[in-house]
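Chains A and B, in that order, are what the protein sequence lines are. Residue numbering for the first sequence follows my numbering, starting at 1 and increasing by one per position. Residue numbering for the second sequence follows my numbering, starting at 1 and increasing by one per position.
Since the hints were made in silico from the structure, they are not lab data. Where hints are given, some of them may not hold.
Which residues of chain B face chain A? A partial, calculated answer using Cβ under 10 Å [to be verified]: (1) 202; (2) 210; (3) 213.
All residues carry an ideal CB built from backbone N, CA and C; glycine is no exception.
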Amino acid sequence: MARSSGVREATGDLRLESVTKSFGGFTAVDDLDLLVPRGSFFALLGPSGCGKTTTLRMVAGLEQPTSGRVLIGDTDLTGSRPFERPVNTVFQSYALFPHLTVRDNVAFGPTRRRVREAGALADEALALVEVDHLASRKPAQLSGGQQQRVALARALVNRPEVLLLDEPLGALDLKLRRQLQVELKRIQTEVGLTFVHVTHDQEEAMTMADTVAVMNHGRIEQMGAPAELYDLPRTAFVANFVGRSNLGAGTVLGRDGEHLSAEVQGTTVTVPLSRAQAREGAVLFGIRPEKVRVLREAPEGTGDDVRGTVLDVSFTGVATEYLVRLPSGTVWSCYEQNLDVDPVDLRPGDEVWISWNPAHAFTVPLDEAEAAAAAEATG
Amino acid sequence: MTALAHVGQAGGGGPTPPADDQERPGRRWVPYLLLLPGGLWLLVFFVVPLVQLFTVSLQSQFPGYPGYYYRDVNAGNYLRALTDFAPQFGRSLLFAALATFFAFVLAYPLAYAMAFKVGRWRNVMLIAVIAPFFTSFILRTVAWRQILADEGPVASTLNALHLLPGGHITETWAAVVAGLTYNFLPFMVLPIYASLERADHRVIEAGGDLYANGFTTFRTVTLPMSAPGVLAGTLLTFIPAAGDYVNADLLGADDTKMVGNVIESQFFKVLGGFPVAAALSFTLMALILAMVFVYVRRFGTEELL
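Isolated chain B, as found in the complex (with noise of 0.2 Å):
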């Protein structure tokens, strides 16, 4: 939508000079040309697919044949999907705003002290936050769990200093947080970094020079001053976070499944199960779309809006 009022702008906005209209014509077609390749592109591999996902989403079965559908409007799927899976979304939306949490504290003071306090340090600090990335994210997750194994090394240091309650990290819903919490981090350091870095030093400078101490000032201008880019990072690490279902897969048990855990055996591993999974996704869209933007409209700035 932003993007649009942008097109809106370049094209037609505006009152323009009379010099201008001979090439007037040709050039508003410019910024719809540059939209054609990726809109052609998000129309038949997004659009379409989630189109067609809905359709399926209100299938129903024959009966007696399953895993054959004919086209309905069977608003039953979605009943299904949220009353036999309400622990799902619940543990979903949870674990979500436990590893946004979570990354959030771990992530702003690494954030601040790349831009502030590293100095020259600062671009190999950046290629560490980077680094993950040029290994599969489930290559990584896959790691985690022989790192966390009950045999590994944390788990049987843990073990003979009688420090871990369960007997396993494993197959908890901690590990699940933590394992999300990893896999996101990086998602919400670089925008904090980006908006810290951005920051005028200027204006910290101004709020002790105003007479508020380290902490007042951190509080009173440094974090609203990031804001922006603890928005960006909050929204890309829970959104991913609350559809993912490698580390509850890799990391987690029965008990910590998540909405994407049930969507992939409904899809893959459920005779039958299409409908329920396409409306298990519609859910989660929906649910995290509803969440977003309230999120947005309460914290949100100018900026991101």
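Same shape as in the complex, but just chain A (with noise of 0.2 Å):
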């Protein structure tokens, strides 16, 4: 293998072939298998501890896989050092170098690569964040947002073939990350580079990314595009992770066609067989709060409905969301945009119906603890 001090040369998608890295007595990354395609923006979702962080790592080489392989394109990476690959990271921290100025910051990458006039590359990168007027400054000087940007400037000035985010919002205010999530895109789409962001915030992920991949306890859970993940999760843990899902254990009583119908505590629903992952046995039927209907009267016509209480009522402006207890116990949610000019006046005690289309529902395999998290997480 080449220990050469050069960076490799690797060009292509970003593969990992069945990673896993152990600390200790601990799994950390389970034997996972990732393809990102070049020049796209994909996004590791996951809560904190799934492995997320450590997955990135390994890319950039601060981490070493215990087995499995790294690459780009046809190019293995892997126990190659972090100052060989053709990849840059923005830390979570930002990790700028305190004693430098915010040019020579950014200049560092391209002048260890000899790179004639880091400088002026530098300050191009800056102009591309829009910091250029802050290139004299020290670190210590700059706001986190500032910083967050000459942190992105100093990884994009390389032009890496992968670009690493590690939680690079994750200090910043909310309205400043809703700015610079937009602004990471703009920029990922004007320089083309691979992105891959690791964040535990599923809007944040939903928003900018073309796939997500959502990781939990090592492993990935289930991998899309954002709008795939929310309308059709696979397993419990994403329907709770990616939003929010109102979920109830259930046990399949038949198909019927293209339907699958199912006992849910005592309430018969039916879900589209092309949207049920679990088909037989116990499951766990799930729909998304705003993909239901609270209503005062009995509802009329084909969809599935239950009875329930109202528990709580907040009124978020443009929506309203019910708590609603069911007879089993379990609280739903329920999301109702305001669009009525009589707002529907309900209050807690309220006897209500809950309706919706089956054609929303899903069925994913029964898993007692998300089903718990769930519950809690509504009611």
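Assembly of the complex is requested from the two constituent chains, each provided in isolation within its own frame, with the hints serving as guidance.
Written as structure tokens, this is what we have:
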């Protein structure tokens, strides 16, 4: 294996092949396979401790996998050192060099690669992230948002084959985060580099990424476009982590053409077969809160419905959220857009009907822990 | 000076909201009140003796009455101090500089290992670095004298192997520099350790991520980040080492005497040596201050100034 001090040439998709990383007895990343197409904006989404940052660090070369391979295109980068990889990282805490000016921070990479006119390149990168006026300051003299931009410029300036972002917006306030989300997306489109973005914020992942991989316990639970993930979660974890879901444990009764019918806590529901990840025995039935309607009267028509009691009403402006207790004791949440001229004037204690179009329902394999977590979140 | 600047900020600096006005008159005095005991202590035991010493350094001797002086403005004492004792001044600064250099060379890897490599042994090592302070500085130097003595284990082994050109270790400048290095090593280790320990590990990783190999990362990232510690360590080593006389006294010979030894003997052993001793003290102080000033200006970081 070449151990030269130069940067390896490697172009193409980023691939992880059955990568495992153990720390002592703890498996942080468990037999992970991943393909990130060149030029895409890819998000690794998961709760803290799910192995997403470890995965990122293995791509950067800051950790070596216990087993498996990391490749870019056809070049196997496993075992190579961080400085040999055509990969740069935007660290969570920015990790700017405190003793260098902003310009020198950004010029650090090009200087190490002996690129001529590193300073001019740095200025260009600073202009791209709109902080060129701060070039001669020290990092300590910058705000969090400005430091974030400098960290991004410092990585971007090298035009890496893969740019890694480790919770880059985590330390910023909501408004700035929103603004930078849009901007990151713009920059990625502009430079056309592969971005791998690690975050625990599902909204952030969905806003920016072309493809989101949801990680849990060192494995990828589900991967796909944000809309796909949201529309049809394949596991109870994804149903809860990507947006919220009303879940209920039930038993499959049988099939009727294109539909599956199930008995969920005393109510018979139907689910399109194409949306049923679990089709036999005990399953977890789910429906998104905005896909259900809260009604005073028993609904007419072909939808599924269930009776309940209003537990809580929160008005959020664009929508009103109702927490409704079902006869089984499960609490579901329902978002109603405030479209009507006369608002539905419901109060806690009111008897209501919850109704939904079965085409929005889904089933996932039963996972007691996740079902409990969902109940906790809404109850 | 820095302390006073902070007092100014805490007391009256910055616009104060009107609501605070009632509290202000009382609170303004708090910083000064807190400074009072220490300030008084320094005034009585530092400033006053220093002024006294300065007047002594300008006194003249009564002709024919050794040991008796009268108040005067006699710059001759300073001239004597500089001309008669120039070699000792040179040695003081040279030995202190050498000791600082060797202490740095020894301390940096140690501090680096403590900060990054030893894991849970860190506290044990910290205690080991501090442990010598539990015994007297002079006792430890006397112990070194015995260890390095001609009949001691080190010198006799080296002599048996014919590896010691001069025949002995003590009474050489090398022994004095070694003693200084040993005695002030913790003052170099601790500030460097503190600055390395405080350094964000991710920043060092960022060096590697940005195409710098291990050595380049150390040179361009780790070392500059620990500069405040190195600066503090070198000052804490150089300043007391330049004024030290115990090591030269116990481990050296006549030709390795430092200014401290001359001051000591002029004060306590030479009749009528007081004014010259005082002049020597002031000259040494001025020299060190000037050197430190230039050094800090050249290598100083904002954190220290």
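### Message
Going through the numbered hints above, which ones does this structure break? Give me the numbers in ascending order.
### Response
none
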